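Chain order of the listed sequences is A and B.
Going left to right, the first sequence walks through residues 1 to 311 as UniProt numbering numbers them.
Going left to right, the second sequence walks through residues 1 to 343 as UniProt numbering numbers them.
Derived DSSO-like pairs: lysine-lysine, alpha-carbon spacing no greater than 27 Å straight-line: (1) B:Lys247 x A:Lys127; (2) A:Lys109 x B:Lys230; (3) A:Lys62 x B:Lys251; (4) A:Lys8 x B:Lys239; (5) B:Lys230 x A:Lys82; (6) A:Lys202 x A:Lys76; (7) A:Lys109 x B:Lys38; (8) B:Lys247 x A:Lys91; (9) A:Lys109 x B:Lys239; (10) A:Lys145 x B:Lys251; (11) A:Lys84 x B:Lys168; (12) A:Lys198 x B:Lys239; (13) A:Lys82 x B:Lys168; (14) A:Lys122 x B:Lys230; (15) A:Lys122 x B:Lys247; (16) A:Lys127 x A:Lys91; (17) B:Lys251 x A:Lys133; (18) A:Lys8 x A:Lys174; (19) A:Lys109 x B:Lys247; (20) B:Lys251 x A:Lys127; (21) A:Lys174 x B:Lys247; (22) B:Lys247 x A:Lys133; (23) A:Lys62 x B:Lys230; (24) B:Lys230 x A:Lys84.
If you want a taste of the chain B side facing chain A, the calculated C-beta under 8 Å gives, among others: (25) Ser28; (26) Lys239; (27) Gly242; (28) Glu243; (29) Pro255.
Just so you know, the hints here were simulated from the structure itself, not pulled from any lab data.
Predicted model only: the values in this text are computed from it and were never measured.
All residues carry an ideal CB built from backbone N, CA and C; glycine is no exception.
Okay, here's what each chain looks like letter by letter:
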Amino acid sequence: MTEEAPKKLVELRDLQLYFNQGKANEVRAIDHVSFDIYEGEIFGLVGESGSGKTTIGRTILKIYEQTAGDILFQGKDVTHLKGKQLAEFRKDAQMIFQDPQASLNGRMKVRDIIAEGIDVNKLASSKAERDQKVQELLDLVGLNKDHATRYPHEFSGGQRQRIGIARALAVDPKFIIADEPISALDVSIQAQVVNLMKELQKKHSLTYLFIAHDLSMVKYISDRIGVMHWGKLLEIGSADAVYNHPLHPYTKSLLSAIPVPDPEVEKARQHLEYDTSIETDGKTREMIEVNPGHFVLATPEEAAQYQAQQV
Amino acid sequence: MAANTEDFVIVGAQSSDANEHISKPALSFWQDAWRRLKLNKLAVISMWFLIFILAFAVVSNIFVPQKAANAFNSDKVGVYKNLPPNSGLPIPGWDGKIKAPGDTTVTDVYASQGVPDGERFILGTDNIGRSVAKRVIVGLRISLLVAIVATLIDLVIGVAYGVFSGWKGGWVDNVMQRIIEILSSIPNLIIVTMLGLLLGSGILSIILAIAMTGWLSMARQVRNMTLSLKERDYVLAAKTLGESSSKIAVKHLIPNMAGTIIVQIMMTVPSAIMFEAVLSAINLGVKPPTASLGSLISDAQAMLQFYPYQVLIPSAMLVLISLAFILLGDGLRDAFDPRASED
Numbered sequence: 001m002t003e004e005a006p007k008k009l010v011e012l013r014d015l016q017l018y019f020n021q022g023k024a025n026e027v028r029a030i031d032h033v034s035f036d037i038y039e040g041e042i043f044g045l046v047g048e049s050g051s052g053k054t055t056i057g058r059t060i061l062k063i064y065e066q067t068a069g070d071i072l073f074q075g076k077d078v079t080h081l082k083g084k085q086l087a088e089f090r091k092d093a094q095m096i097f098q099d100p101q102a103s104l105n106g107r108m109k110v111r112d113i114i115a116e117g118i119d120v121n122k123l124a125s126s127k128a129e130r131d132q133k134v135q136e137l138l139d140l141v142g143l144n145k146d147h148a149t150r151y152p153h154e155f156s157g158g159q160r161q162r163i164g165i166a167r168a169l170a171v172d173p174k175f176i177i178a179d180e181p182i183s184a185l186d187v188s189i190q191a192q193v194v195n196l197m198k199e200l201q202k203k204h205s206l207t208y209l210f211i212a213h214d215l216s217m218v219k220y221i222s223d224r225i226g227v228m229h230w231g232k233l234l235e236i237g238s239a240d241a242v243y244n245h246p247l248h249p250y251t252k253s254l255l256s257a258i259p260v261p262d263p264e265v266e267k268a269r270q271h272l273e274y275d276t277s278i279e280t281d282g283k284t285r286e287m288i289e290v291n292p293g294h295f296v297l298a299t300p301e302e303a304a305q306y307q308a309q310q311v
Numbered sequence: 001m002a003a004n005t006e007d008f009v010i011v012g013a014q015s016s017d018a019n020e021h022i023s024k025p026a027l028s029f030w031q032d033a034w035r036r037l038k039l040n041k042l043a044v045i046s047m048w049f050l051i052f053i054l055a056f057a058v059v060s061n062i063f064v065p066q067k068a069a070n071a072f073n074s075d076k077v078g079v080y081k082n083l084p085p086n087s088g089l090p091i092p093g094w095d096g097k098i099k100a101p102g103d104t105t106v107t108d109v110y111a112s113q114g115v116p117d118g119e120r121f122i123l124g125t126d127n128i129g130r131s132v133a134k135r136v137i138v139g140l141r142i143s144l145l146v147a148i149v150a151t152l153i154d155l156v157i158g159v160a161y162g163v164f165s166g167w168k169g170g171w172v173d174n175v176m177q178r179i180i181e182i183l184s185s186i187p188n189l190i191i192v193t194m195l196g197l198l199l200g201s202g203i204l205s206i207i208l209a210i211a212m213t214g215w216l217s218m219a220r221q222v223r224n225m226t227l228s229l230k231e232r233d234y235v236l237a238a239k240t241l242g243e244s245s246s247k248i249a250v251k252h253l254i255p256n257m258a259g260t261i262i263v264q265i266m267m268t269v270p271s272a273i274m275f276e277a278v279l280s281a282i283n284l285g286v287k288p289p290t291a292s293l294g295s296l297i298s299d300a301q302a303m304l305q306f307y308p309y310q311v312l313i314p315s316a317m318l319v320l321i322s323l324a325f326i327l328l329g330d331g332l333r334d335a336f337d338p339r340a341s342e343d
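Taking the hints into account, I'd like the entire structure generated from these sequences.
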């Protein structure tokens, strides 16, 4: 997909976000991260908890203000948008949240939750049109029309997540950041939501940034995968390349941690410990393209090593 | 190996209507809270009592004007003074008879003082012959006025200040919280005394004193709630949709702390009523001849041994109202408690 649609939708250039900058408790939540998301693709971002995946998503949507670096959306810098242009950008980029319980306001009816974006951007001229749109969105995510007058606490986790998806779709966005949309759902519901997202992507030609820590699910849904650790992006490549031919030791360690639903194989599975010294030794590392489209954070020597390992 | 596209079968999004149907009736947050409040008998009784008292205080304006409660006939003080409560029915203690301390027999005070036949005072009279019932009604009105003013100030200033401070955060929050600390470090009594010097003691200076300090704890509570609520995902979602800050406050923040706000009000109101009563009792409050529950109690306390009803009636009123507010507040807190409402 990457090859056919080389048009970049989102570009992150050397993005940095430090909390408590300059103080003793400085946290480098995002540390010199650059990557592109192409139009129509699903970009998966994986990494352990606290590695900065969610922070990247929120920074793109300008919930957090970055310390340095640029974010380009459709070729335009969105980091300093104000007023009307910001509203336009908000219409194009939306978010699906991790916890469907926490992301819906329990005091509002489903209709008003979904219509919030419609109201803010004045997309409906009358109440009838607004109801009509909410109706369409409910249909789209597979919910009944009588659900519109109900409150979020009456729904199951999967249904709530679909309400969250409908809310994000209400403004007809081009780009959706899915921030661990399935990690709060039980496994039987995960497929339901992921398949809905895939289906919607085809129907509405959406682009996703899919943040997760479940590698198998990311592999299933994504076209390309980025691996993060401690605020740094360690490896980017097509889903198959990262999954089947990981280069960075951290990626290898992550992959070795996936349980296999086969007792024989699972028994033999060996978890590879990740040696963090590769990140703390103070050498400068850059993203180096080892294979076409497959980048890894490394010194030139390490890159040569990675290259050699493959053959 | 682990996950192939073929391994997944769509099970959810297209499933049948029956699967998605919710048969439980749609209950809004308020309906749910009301349902739970109804289970608490004491709170419901308190609520009806307060509604009744409020309605009574409003309606009584027509029948018992302030003047009627203050007026007395100076020629007939001897006839009407210190009459005990008389219901007109042979109920002991409420039949116009009283046993004076030291006496062995009860005397019919109405007869001995020569009150014209057929004239009765349900709650008796005070030491210059004014009806205690009328004075309690007027006192009640003042207490409730103070309660309403305290509520309004809590709601308007307290909530707005708290939300703004919490939402802005940073140095704005810092400055605003320090202002609250400075204000709350001044003793209320000093503020009232100063205002009394400036404006003369009266209901206005009491209300101003409450206006200056009554909203502080509400502002703190609301600010704390705002700090935690503003990190919630639904607030972030509203932000990414481009909702303005004021809309977020009205649509997301305040409805979600409605429980806290209401409970806080229920706690502020009795303390405001008590505050007024205490001030009136130490002559910093309403000026005589205007009656308030506090001034009635302090006026009558010298006669406690002889005419206990003159103290007991306004005191009982004060206690009942405060108790009703506290019990209702308790019930509301249980009804709004989100932890209890989870399934």
